[in-house]
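**Student:** One-letter residues, chain by chain:
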Amino acid sequence: MSLLLQGTDLTKRFVIKRGLTPRSVQYETAVNSVSIDIEKARTIAVVGESGAGKSTLARLLMRLVEADSGTVTFDGVDLSTLGRNQLRILRRRIQMIFQDPFSSLDPRKTVGSAVEEALLVHFDMSRSDRASRVAELFADVGMNKRHMERYPHEFSGGQLQRVAIARALAVQPDVLVCDEPVAALDVSIRAQIVNLLGRLQAENGFAILFVSHDMALVRYIADDVVVMKSGEVVERGTASKVFETPQADYTKALLGAIPIPDPRVRRIVGHNTAGAGTRYGGGA
Amino acid sequence: MKRASGVESRHVSEEVVFAESFATDVFDESPGADGLPDLLEVEDLTVEIQTDSGPRLVVEDINFTIGNGKTLGLVGESGSGKTATALAIAGLIRPPTGSITKGRVLLEGRDLVAMSERQLASVRGLDLAMIFQEPRRSLDPSFTVGAQIAEVVRRHRGWSRKRSWRHAVEMLDRVRIPSPERRAHAYPHMLSGGMCQRVMIALALSCEPRLLIADEPTTALDVTIQREILKLIRELQIEMGLTVLFITHDLGIVAEMCDEVAIMYGGQVVERAPAMDLFLRPAHPYTEALLKSIPLPQSGSTRQELLTIKGVPPGLDDRPQGCRFHPRCAYVQSPLCVAEVPEMHTQALNDCRCVRAQDLALRGIV
Chain A
5 MSLLLQGTDL
15 TKRFVIKRGL
25 TPRSVQYETA
35 VNSVSIDIEK
45 ARTIAVVGES
55 GAGKSTLARL
65 LMRLVEADSG
75 TVTFDGVDLS
85 TLGRNQLRIL
95 RRRIQMIFQD
105 PFSSLDPRKT
115 VGSAVEEALL
125 VHFDMSRSDR
135 ASRVAELFAD
145 VGMNKRHMER
155 YPHEFSGGQL
165 QRVAIARALA
175 VQPDVLVCDE
185 PVAALDVSIR
195 AQIVNLLGRL
205 QAENGFAILF
215 VSHDMALVRY
225 IADDVVVMKS
235 GEVVERGTAS
245 KVFETPQADY
255 TKALLGAIPI
265 PDPRVRRIVG
275 HNTAGAGTRY
285 GGGA
Chain B
10 MKRASGVESR
20 HVSEEVVFAE
30 SFATDVFDES
40 PGADGLPDLL
50 EVEDLTVEIQ
60 TDSGPRLVVE
70 DINFTIGNGK
80 TLGLVGESGS
90 GKTATALAIA
100 GLIRPPTGSI
110 TKGRVLLEGR
120 DLVAMSERQL
130 ASVRGLDLAM
140 IFQEPRRSLD
150 PSFTVGAQIA
160 EVVRRHRGWS
170 RKRSWRHAVE
180 MLDRVRIPSP
190 ERRAHAYPHM
200 LSGGMCQRVM
210 IALALSCEPR
220 LLIADEPTTA
230 LDVTIQREIL
240 KLIRELQIEM
250 GLTVLFITHD
260 LGIVAEMCDE
270 VAIMYGGQVV
280 ERAPAMDLFL
290 RPAHPYTEAL
300 LKSIPLPQSG
310 STRQELLTIK
320 GVPPGLDDRP
330 QGCRFHPRCA
340 YVQSPLCVAE
350 VPEMHTQALN
360 DCRCVRAQDL
370 ALRGIV
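Chain order of the listed sequences is A and B.
The opening position of the first sequence corresponds to residue 5 in the working numbering, with each subsequent residue numbered one higher.
The opening position of the second sequence corresponds to residue 10 in the working numbering, with each subsequent residue numbered one higher.
Be careful, since some hints might not be right.
Heads up, incomplete: computed chain B residues facing chain A, CB under 7 Å, no partners named [to be verified]:
(1) GLY261
(2) MET285
(3) ILE318
Below, a list of computed lysine-lysine pairs in the PhoX-like style, where the Cα atoms sit at most 25 Å apart [to be verified]:
(4) B:LYS240 to A:LYS256
(5) A:LYS233 to B:LYS240
(6) B:LYS319 to A:LYS149
Bear in mind the hints are in silico, worked out from the structure with no lab data behind them.
Note that the structure is predicted; figures quoted are calculated from it, not measured.
We put the CB at the ideal spot given by N, CA and C, even for glycine.
Work out the full structure: start from the sequences and follow the hints.
**Tutor:** Spelled out as structure tokens, the structure:
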């Protein structure tokens, strides 16, 4: 267990209503005094419903959003003390992929050059080295050379998410932050992307911070789970502990609300409920 | 068009019958077993839409029926044609966007495809209602939710303003919105997504339709809210004897909600079966693959690999020859599967479009 990225007592308030006097300004606390440890080569999932503050937490850890209080340290360095240039150098080691790959890739650039750009910014490589590295990355994410010359609109969502992963991994990050990476994808494609992330993690040893509202999916990929509600952590622990013996009522409610793909365990409206609700230790 | 009172009373008595049959035997999987005809029959439905590169068939030869008071789940990935099917049933696909080129849609024996726009307008809302994924987009932001429900009732039933408003408040109460009298004066932006979906349901059910088409009604909602909405739909279905066509990509919701399931792929229904048979004994390789690729929330250990389906679902322009699923199928056999589009045929208790179905021993959930 070695600590890589650590957030301590992070708090972020957003202004929801401006006013003339300081007292008339209204705030919403998106993240309230949250601490999180991201360890090398492990996957930690942050789960919760919309508005729980999980995406804000991810952005605080990357310093894409400045915290009102609390600290973020990466490999022992306090990120808040870093200037722009130092931060940029460090950012190479923390990469991110988003829910909608269409809006995270430039429509006027071929996907090959989008991946190459990451190399151009962060490394001093010759043109031919870059080209062969890009080809290698495309192969890693299950795409081929022909794809490199195409534009984002020529791809499906799943393929674009592969490109986004290739671009993020181009700079050999230590942490990959994934904000709902499969929420917008079709069922049959989700499994492909999730397995791809798992395989690449096993090969390259990066840590994954996986932000998701999909509890069933998280169970398949996470080592550790943090459950958030209204900006606060209500439960945390190893995935098996959180899923098998949830402690917080909110975690139980979340788990109990997942529709189970098995018609023998129908629980809605409480008809034929023999054995229902017990699978998660008494869910809702 | 006002409904004859004789028809009205028949409905009431039927509702009582369904409510009872639901209460005692919700798991009766065979539609029509109660001796009543199917409420909705879709026969050979084929829909063409106009695209930039010419006309394309979005759905082909769709066949299914829904028994009175039952729920059919229409399942598919993006581009499979599930929403186009729903829109066609509701008579919402018409030139210049597209047209129904073949088939019939029988609602209580009346063919909706053959109806004029005017006749259809009275069927929609009165006999058939729809709810969609994004409730806020289906509500008018500039009117209170009470006024929107009252307007529908006034238009379809010809009631007075006062009576319609009272009915609107009553409907909000029926969908379990707290303090409905006050909430009737709220504008959509003042309500949460879950509340808006309740309002949409109140609106859809305000004229006591026989058929409710629900197109991914909970996809945009949080999981705990989703559960409340699904529960509400289920309860109202029992109360009102509703028949539901439930469109979703979530097999968990299908398992919780549906009596029968039709799986769509590439514009066709590839398998159709009672829910229990479909999940436990799938007959089509696509169904089997779908069941394997979803994470099971109750599975014991963490960090397992999910099984995947290679490739991507076909778009409108690249639907393959023969079986639509053959390029992604684990059991494909050339040239058998590539030669022609397989006919729908019965395999045990399921109907499926797979020429190899009888040779395969497919596995469902365990």
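**Student:** If a hint holds in the structure, say so; if it does not, say that too.
**Tutor:** Taking the hints in turn, this is what the structure says about them:
1. GLY261: holds (3 Å)
2. MET285: holds (5 Å)
3. ILE318: holds (4 Å)
4. B:LYS240 to A:LYS256: holds (18 Å)
5. A:LYS233 to B:LYS240: holds (23 Å)
6. B:LYS319 to A:LYS149: holds (19 Å)
Checked against the numbered hints listed earlier, the structure breaks none of them; every hint is satisfied.
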